[in-house]
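Chains as they are written, first to last, in my numbering: chain B, 84 to 362; chain W, 287 to 458.
The set of hints was computed from the structure by calculation and includes no laboratory data. Here the structure is a predicted model, which is why all the values come from computation and not from measurement. Positions of the beta carbon are idealized from the N, C-alpha and C atoms, including for glycine. Be a bit skeptical, because a hint or two may be false.
Covered by chain B, per the in silico footprint, the following chain W stretches (three or more residues, Cβ under 8 Å) [said to hold, decoys possible]: (1) 344-351; (2) 385-392; (3) 404-414; (4) 425-435.
Here are the simulated DMTMM-like cross-link-like pairs (lysine to aspartate or glutamate), alpha carbons at most 20 Å apart as the crow flies [to be verified]: (5) B/LYS312 with B/ASP144; (6) W/LYS353 with B/ASP195; (7) W/LYS323 with B/ASP195; (8) W/LYS353 with B/ASP204; (9) B/LYS241 with B/ASP279; (10) B/LYS116 with B/GLU132; (11) W/LYS421 with B/ASP144; (12) W/LYS418 with B/GLU132; (13) W/LYS422 with W/ASP338.
Simulated DEER-style distance windows between Cβ atoms [what the hints assert, rightly or not]: (14) W/GLU430 with B/GLY162: 39 to 49 Å; (15) B/ALA300 with W/PRO354: 44 to 54 Å; (16) B/GLY203 with W/LYS422: 41 to 51 Å; (17) W/ALA371 with B/ALA300: 24 to 34 Å; (18) W/LYS334 with B/SER277: 34 to 44 Å.
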Amino acid sequence: MRKIDTKEIADKIYKMALAACVSLTPECKRALKDAADGEDDGAAKFALETLIDNCKTAESDGLPVCQDTGMAVVILEIGQDVFLDGAPLEDAVNGAVRKAYADGYFRKSICDPVTRENTGDNTPAAIHTHVCAGEQVKITFLPKGFGSENMSAMYMLKPAQGVDGIIDAIVNTVKNAGSRPCPPVYVGVGIGGSFDTCAYLAKKALTREVGSHSDRADIAEIERIALEKINALNIGCQGFHGKTTAIGVSCEWAYTHIAGLPVAVNIQCHCVRCRKEVI
Amino acid sequence: MIELNLPIDKEQIKKLHAGDSVLISGTIYTARDCAHKRLKEMIERGEKLPFDMNGAFIYYAGPCPAKPGYASGSCGPTTSARMDAYAPLLLDNGLGGMIGKGEMSAEVTKALVRNTGVYFAAIGGAGATYGKAIKKSELIAFPELLSEAVRKLEVQNFPAVVATDCEGNTIY
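Construct the entire structure; sequences and hints are all you get.
Next comes the structure, spelled out in structure tokens:
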């Protein structure tokens with residue numbers, strides 16, 4: 084048994100949030116550079132170069148890369164040999180988010196869904212907890228913008244639609260999104276599970292590094308084919324047409340029911356700001 | 287690269303073509319979802335608007351709070367399609383044009399043609415770049431909407447592309 088104070092988790096999340104909003108992941112930056120290098124002169128190349136400059140400005144001035152500093156998505160994988168001491172876990176997480184978004188001069192974007200009244204401090208966060216083996220706490224922090232979140236989709240396919248149906252669902256979601264989610268996008272896909280777990284798998288897929296592949300060969304193949312088809316759509320950076328519409332497709336899977344084939348497609352814009360830490 | 291000082295008049299708007307790269311300076315007003323809902327209700331009730339809509343340009347944006355020493359926080363464009371429901375009404379009430387990101391509806395294009403307006407696409411995600419290009423920011427309406435409040439901005443060298451011109455041509 085290992086005792087961990089929730090304050091320690093909160094302190095870590097605070098630092099992760101401050102770092103995440105002002106800097107893209109190294110893999111994302113590399114993907115944007117590759118996209119710019121591969122593009123012919125024109126509006127898409129101009130836009131990609133503007134985005135690369137923007138990353139440098141954000142880092143040098145300590146400014147958010149994008150003004151949509153997102154809904155704070157926090158995934159906690161808690162070892163079952165850990166005893167959590169101190170303040171209730173959710174209060175600790177929300178406290179960290181509240182403080183980071185105030186101290187970082189980040190935008191507060193969370194509101195009541197019906198009245199649209201802003202909570203004023205970017206809480207509550209979307210918190211997912213899992214109990215797993217061991218005595219560590221793994222923390223994933225993903226500030227998720229909603230220009231791209233709005234373009235996400237959920238499909239309850241028929242089993243007969245199979246792999247082709249899965250690929251079509253992924254490609255059509257990106258096609259229908261067009262210029263709106265700030266392409267080039269990173270595409271998170273959930274395959275299988277139930278309605279709820281499938282959507283979560285899609286979000287979890289977005290926490291994988293840009294450029295990574297599923298360790299299942301058949302699913303890695305779905306990722307590869309879907310990415311190729313998406314980049315043939317000629318939507319391009321910002322919808323200005325071009326060779327790079329997506330910088331990656333990442334699929335996570337779970338066992339599902341004999342009657343169903345759920346597929347969830349969660350769109351992430353080119354601002355991939357995920358951070359991971361282990362306590 | 288075409289340099290523009292907003293607001294521009296209809297004669298200048300006529301010279302712009304979809305796909306043109308522009309650098310925008312001058313005065314623009316931020317407004318996004320909640321502010322548009324309120325502007326629409328004010329127009330319908332015949333009330334005086336918080337700024338003169340005639341020839342003005344709206345920037346679909348909601349900035350981060352400004353750090354000390356900066357006029358504005360990061361302030362890139364938000365998805366324009368969410369304002370599809372409001373843009374024709376505002377254009378018909380004098381709005382000169384909009385700056386945002388992503389395609390807008392066919393109804394918006396018709397309203398741009400009908401009113402000789404123009405829609406510029408800024409580069410979505412370049413929040414820090416646009417934030418630093420804002421030299422002055424004044425909150426002029428709906429402070430309770432926080433980032434969604436209406437702000438009068440003085441900007442210098444905003445990079446953008448003419449997305450839809452007054453003849454209805456579009457880059458998308």
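Taking the hints in turn, this is what the structure says about them:
{"no.": "1", "hint": "344-351", "verdict": "holds (count 5)"}
{"no.": "2", "hint": "385-392", "verdict": "holds (count 3)"}
{"no.": "3", "hint": "404-414", "verdict": "holds (count 7)"}
{"no.": "4", "hint": "425-435", "verdict": "holds (count 4)"}
{"no.": "5", "hint": "B/LYS312 with B/ASP144", "verdict": "violated (38 Å)"}
{"no.": "6", "hint": "W/LYS353 with B/ASP195", "verdict": "violated (27 Å)"}
{"no.": "7", "hint": "W/LYS323 with B/ASP195", "verdict": "holds (16 Å)"}
{"no.": "8", "hint": "W/LYS353 with B/ASP204", "verdict": "holds (16 Å)"}
{"no.": "9", "hint": "B/LYS241 with B/ASP279", "verdict": "holds (17 Å)"}
{"no.": "10", "hint": "B/LYS116 with B/GLU132", "verdict": "holds (8 Å)"}
{"no.": "11", "hint": "W/LYS421 with B/ASP144", "verdict": "holds (16 Å)"}
{"no.": "12", "hint": "W/LYS418 with B/GLU132", "verdict": "holds (17 Å)"}
{"no.": "13", "hint": "W/LYS422 with W/ASP338", "verdict": "holds (18 Å)"}
{"no.": "14", "hint": "W/GLU430 with B/GLY162: 39 to 49 Å", "verdict": "holds (44 Å)"}
{"no.": "15", "hint": "B/ALA300 with W/PRO354: 44 to 54 Å", "verdict": "holds (53 Å)"}
{"no.": "16", "hint": "B/GLY203 with W/LYS422: 41 to 51 Å", "verdict": "violated (25 Å)"}
{"no.": "17", "hint": "W/ALA371 with B/ALA300: 24 to 34 Å", "verdict": "violated (46 Å)"}
{"no.": "18", "hint": "W/LYS334 with B/SER277: 34 to 44 Å", "verdict": "violated (53 Å)"}
The structure is inconsistent with the numbered hints 5, 6, 16, 17, 18, although it conforms to all the rest.
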